[in-house]
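Chains B, C and D: place on chain A using the hints.
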Amino acid sequence: MITAILTRVGYALVSLFVITNYGLLLIGSMARISAKVQGRVGQPVWQPYLDIIKSTAKRNSISHGVMFYLGPVFRLAGGVGTYLFIPAVFGSALFRNFSDSGDLLLVMYFIFFGQLGMALGASEGGHPYSAIGVSRGLAQMTAFEVPFALSVIAVAIQYKTLDITAIVAAQQGGFLHWTVATNPVAVVAALIAFLGMSMHNPFSVVIAPQEIPIGPPTEYQSNLLGMLQTNRAIFNGAKLVLYMNLFFGGATSLPVMVIKTFLIYFINVFVGQAFPRLRVDQSIRFFLGAPTVIGVAGVIIALL
Amino acid sequence: MVNPLYLFAASLAAAFLLPLVDKLGRRASLALVYLVGLAWLAAAVSWLLALVQGGVAQDFGTAGFMAPLAIVLRVGLLEAAGVLAVAAVGLLSAAAMHASLRQAPAGGAMAFLMLLMGLCGVILTRDLFNLFVFLEISAIATYSLIGFDDRRPALRSAFKYMLAGGIASALYLIGVIYVYRFGDTLNLDLAIRAPGLAGAAGNAALFFLLAALLVELKPFPANGWALDVYQTAHPGLAAMLSGASATALLLALWKLLPLFGTAHLVIIAGSGLATFLAGNLAGARQRYTRRMLGYSSVAQIGLAMAVLALGTLFKLGSELFLLAVAGGFVLNHLLAKTGLFLLSAAFEQAGLTDAAGVDGVDVVDTVDDAAGASAAAQPARRLSPLALAVAGGLVLALVGLPPFPGFWAKWQLVQALADRSRWWLIGLILGGSLVEAFYMLRWLGRLVAARGAAPVPTLRLGAGLLGPAVAAVALAGLGVLSGVFGLTGALDPKAGSTLASLAGEPWLWAPWAVAAVLFLLDWLPGWLKGLLALGAVAAFAWLVQDRLDGLRQIFAIMLLGGGGLFIVAALRKPGSRGGLHPLLAMVTLSLGAVLLAETRLGFFFAWETMTLSSWLLVRRGQASRQPALSYIVFGLGGAFLLMVGLAAGGFDSAGAWPSGALASWPFLLALVGILVKAGALGLHVWLPGAYAEADDESSGLLSASLSKAAVFGLFALVLSRGIPGSLSISLGAIGGPWLWRALGWVGLATALAGALYAVWQEDIKKTLAWSSMGQIGYIILAFALMDQAGWTASLYLAFNHFLYKSMLFLAVAGVIQRVGTRNMYEMGGLIKKMPVSFLTVLMAIIALSGVPPLTGFGGKWLLYSSLIAKGWYLEAAVAFFASGVAFLYLYRLIHSIFLGQPKLNQSGVREAPLALIAPQLLLMGVLMALSVFPKLLLDPILEITSRVFPPTLGFSGDALVSPLGYWNGTLTMIVTGGVFALCLLWLVINLRNSQGVRQFNIVFAGERPLRPETTHYAWRFFEPYRQAVGGLVRSRAERFWVLVGGGVSAVGGALRRLYTGNGQTYALHVVMYVVVLYLVMGVVL
Amino acid sequence: MMLEIAIIVAGVLMVGIAIATILTRSLLVSVIMSGGVSLLASLVFLLMGAPDVAMTEAVIGSGLTTVVFLYALSRAKQPDDEDAAALASPPGDDTDGGQP
Amino acid sequence: MKLAAILVHLNPVAIPGALLILIGLWGILARQNLFKIAVAFSILGTGVNLVILSVGYIRGRTAPILDGEAAVASMTDPVPQALVLTAIVIGLAVTALLLSYAVRLRSGGGGSSIEVHGDEKW
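Residue numbers (my numbering), protein chains in the order written: chain A, 1 to 304; chain B, 1 to 1085; chain C, 1 to 100; chain D, 1 to 122.
I should point out that these hints are in silico values taken from the structure, not numbers from a laboratory.
We put the beta carbon where it would ideally sit given N, CA and C, even for glycine.
Check the hints yourself; a few may be wrong.
[Said to hold, decoys possible] Calculated lysine-lysine pairs in the BS3-like style (CA-CA distance at most 30 Å, straight line):
| id | chain 1 | residue 1 | chain 2 | residue 2 |
| --- | --- | --- | --- | --- |
| 1 | B | Lys903 | B | Lys573 |
| 2 | A | Lys160 | B | Lys935 |
| 3 | A | Lys160 | B | Lys870 |
| 4 | B | Lys833 | B | Lys935 |
| 5 | A | Lys36 | A | Lys54 |
| 6 | B | Lys573 | B | Lys833 |
| 7 | C | Lys77 | D | Lys121 |
| 8 | B | Lys832 | B | Lys573 |
| 9 | B | Lys870 | B | Lys935 |
| 10 | B | Lys832 | B | Lys935 |
| 11 | B | Lys832 | A | Lys58 |
[Said to hold, decoys possible] Anything over 10 Å on all C-beta distances counts as not near chain A; from chain B, calculated:
| id | residue |
| --- | --- |
| 12 | Leu77 |
| 13 | Val133 |
| 14 | Leu190 |
| 15 | Ala513 |
| 16 | Lys832 |
| 17 | Val885 |
| 18 | Gln906 |
| 19 | Arg992 |
| 20 | Thr1014 |
| 21 | Gly1053 |
| 22 | Val1083 |
| 23 | Val1084 |
This is chain A alone, in the form it adopts within the complex (with noise of 0.2 Å):
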């Protein structure tokens, strides 16, 4: 008993441990590419790395109460958790991570458990932009869900089941069994929904805030910063796992892994390249409307 719950932490520390690594390089290069796209030199891939040992080493000299210090706390756990209840690699007892705690659901509203825990220690630390940047979030988000929970419905009633193993178990068999082949509609609802929750342009004006120098990440300053960006490592790499699970059927290597998740998170990075940034009320009609049409196709789609 206690072997096998020893065993399991021990491998949900490994994957856990194999996902920052990779999610730190994906951004790491992914910023070298946007600069190599823009005509500059760009960052080195590790510089990511590099910031984060550099923030952690620095003392942190500011507090604005408990809300403050538990706002990255939570973000980061959310971030950990999303992870740890998706399964990463099809089939692998080390990647499997904690995904019998629950099904799709589960990993769709832990999404929120880190952005909730961090909008609560943003205000907290009492500057009003931070206020403003997690109401414009908030609004977005509800925007984004509704062509995402779209096609996570498509995708339900298309394998007839919310376990994202069985999900990803019945596309195994090449490539036409992937969802993105027998119901593009809804994986081109899902990817527009990724855009926005991953907050790259045209849906980037949430973290506007942030750019202006005075934002959270002002006042989130040294460890507490390193862990907000060790989470953005991970949360990403989560997503980027749910996406490759739920619509280009899973991996069953990490190797396989690494290759989908790239290509996927490519797609944003061009996209946001191509657009400019919209107004929060604007992009919330946006997507209630195509994207909504066309998840709701894809739910016809999936029904037929």
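Using the frame of chain A, we list chains B, C and D on its own:
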């Protein structure tokens, strides 16, 4: 039995002696009046006793002869009761008019004696011409009494009355003589058997007789004169007219009923119903108290009249049944209206005349003219609690709320009409009743002065309160007696079990008993009352626990447990807090009663008790007059719908709805009735105001517990009562899937609209109110799935909503108490001042939003799993959107209150009092326990639902497994906890002597801010969101109901334009009324 | 037969006088004429073989009622023309007599 | 002659009675003077009395007085006569009351037109 002739002789002798006795002083002559009244009263009591003990109705001849040679008087049960009523009302009225009678000439006292005698004669005589004589005696006495104190308005209306009365008496004489011509007799009993009256000529003769009686009964529109009289006459006399006189005339009509054919009955019924509707509609627009009471009077008399005729027309039941129903209405009206008119007299004597001239309290809020503007203020003085209780009792009786006689009469009438499928009649009657309830309760609501504002002197009514109090006590006593012993139901042997009283369900009286005791003890200190109320709830729960099956046990925790929590919370403020504890206990126990009810009547009784007590609780709030009014009007409207639905069958010890009835519209009506209470979209307009304006602990009780009674109603509606341990649902009988799909969409729309409205509120309690509505929407949606997973989700959501909404309201009550405002943008940064409240709100919003690992996620998981499994995909997507929206207001809730910049003026704020903190801690504990071990809650729920439906959900180890997926709450909690601990550890390790910063140690737009207002971003927080999706929720429902209300009001306003105040117009109305009636009779024949 | 003709004649007279009573503007005339109608009615009662009713009608309906009317008119200081004070007019403002 | 037959069958007392009732009603509804209305009322009352008595009217009968010789069969019906007696008395009482109110309404400073006494309405 005493020969009534002696009493007539005595009355006449007294009247003749009066001028002589008056020489001894007015005191002596008034004593004579009381003496005669008492003599009548005593005689009536002796007759009643004799008749009840097995005596038979007795005829008394005059001058030694019997009919047809002489006039005959008959003393039967009803006659005795009628004389009793007349004498009692007479005595009360005389007492109320005492001062005026002392000042006016002796003729006033004489006329009063004659009025009393005349009315008794109307009741007792069996001779048609003698009836005329007594009618004229009472009419002339009334004419002279109206003007006896020489006030001009009274003189004017007396003149109008005489015009109408003169025409009526001419009609009566013509009728009588032709009845004699064709029937060859003036004796009623002989005339009933007279063959000559059967033909067309006889019909016409009878018509004249009837028309005269009807005109005296003040039918629409030939009743303008009566309204003026009610408005202007001395209130004591108005009481006499509305109570005693109407009773006597109705008894006269009842005596004559056997004479009449179908055509006559149709016109009686039609005219009565028209009067009922028109009177109430016009009354809704009335500004003056006594004129409003007048409108209500004519309406009630119209209803009693209609019931008498309808009973014979549709054979609603035995004669006794009819008398029980019509008698119930009459008795109710008699006592209530007498009491109210006397009360208005007491108001006048106490000087409550400032706002509206001679007329006591102005009842209308509109400020369309100068008078209205000045009158819109509250009464300048506050009624004493006793006076308020009396006024409340009288109005509630009039409106037909339990436990007063009108409630039982209405139930039985609706039941009987439903048995014969006369739905449109039910609609008319209940619609009229609703309008009446609206304006009467509005009036009552105005009597309650605003608390909290500048201290207002108490208005003591003194001796003037005696009469109303007697009437109120009599009403309550008779009502309880009819409820306990089924006085009205037992009269009809045929009706059997369906019309039984609450005899088998003594528990349903618990709210009333406890409230009565606690109100009597209301002078005790608050903490003691709170403990007593808590003890009462606990005792009730203990005593009834074995009567609850599994479903009811779960609801009992939410309803009774919630009530207990909020009673504890009521200890948060020192002082007596008059009325709060009794009402909290009453609401809580009425919720328990809803659970316990086993019969339809019992359920409806408990439901009405709940509606009534919660309305009182809402009205206790400070600025709650308008919200409370819309609460009770919607509550009663919903209750009426429920009543019709219940009357059509279902929810009985006998079983579920009749096969196929679930799709029928009576079922739909009952469903809609319950949805009103649940606050479903479109029927929700009462909700935000009521929740927001009630006392803070009351709002919590309403939102957390009382809304669950509506949820229970949904379950109870579909499930048969069943004995504990054998729930069953006749699935075959369930209405088409479209019904449940539609209900699901109603729930979904409610959820979405509730969430969206909540996003844009600035008022913290309104946010919570809308949020409640939204959450109930999910519960309805899950309920509508009609399978095991859906019902499991529904019950689970309901319990969770109870948990976290209790927590939120408790915490918010503390915040409001400490901060003194309900506007969120006026708060901020309270986390350091109120850490426990913050923690409560934090846990509650995590649970509410459905974020794992707290219990809320279980609800979401169950909901989406069951929706997708059922194939309700679009619903699932919309529900997902709606619960996303919930994040917005939840974040706002915690951010604007607890986070961000503290306000400077709130630096002295302390943590909420222990009375609020303790229940919060308890609930937090429960929430955590249920989060770690979801089985604790889910096992009992699954136990229930899998007995009703084929199970699809089940536990596999710690994981709840559905056909689509699984959820292991315990493991989720462990993983989340572990991860969180890990992250926290990292933080703690890295924390190195950081420095706490002061409030303004930030930079904002390049400068250091100095005032919190500039940095606490809280006002119109989600404005961009409103720009994006605000169009989804323009207040369409509000506008719709405003239109409905405006329409009803406009109809009422148009109707009352008939009453021009011109006596000739009124006389013309009388003539036209008779002509139209004659034509109608010709058509019906 | 004579009896009937007398009754009919009285009836016609009564109706005629009654119409005149309503039509006339003078209150005094109308009161006296209505007394006349009552008197004729009492005559009819007598002819119909109801002498006691006739007596009562003559004394009360015709006599007493007229007296009461006249007393009331004098008490009320009511001008003879019924339209004279259709509206309450303050003393001295008696220009609107109703007649040209 | 048909007309003659109808005329013969018409009750020569009831017809003027009914006409008086109508005239009385006309007066009540059409004249605005309070006193004139009272006059109209007394005409209405007279008409009603005539109608009542017409019911007991049978051609060629004598007064209903038992004087030993006259047969009961040849008397008119005494009941309507008793009713009329009562009605006359009641009529007087009502008329007197009506007049007293008219006097009080007028002497209180109001006019004697019914139109001005309509403050209570709606």
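Just pull the numbers of the violated hints for me, sorted ascending.
4, 10, 16, 17, 19, 20
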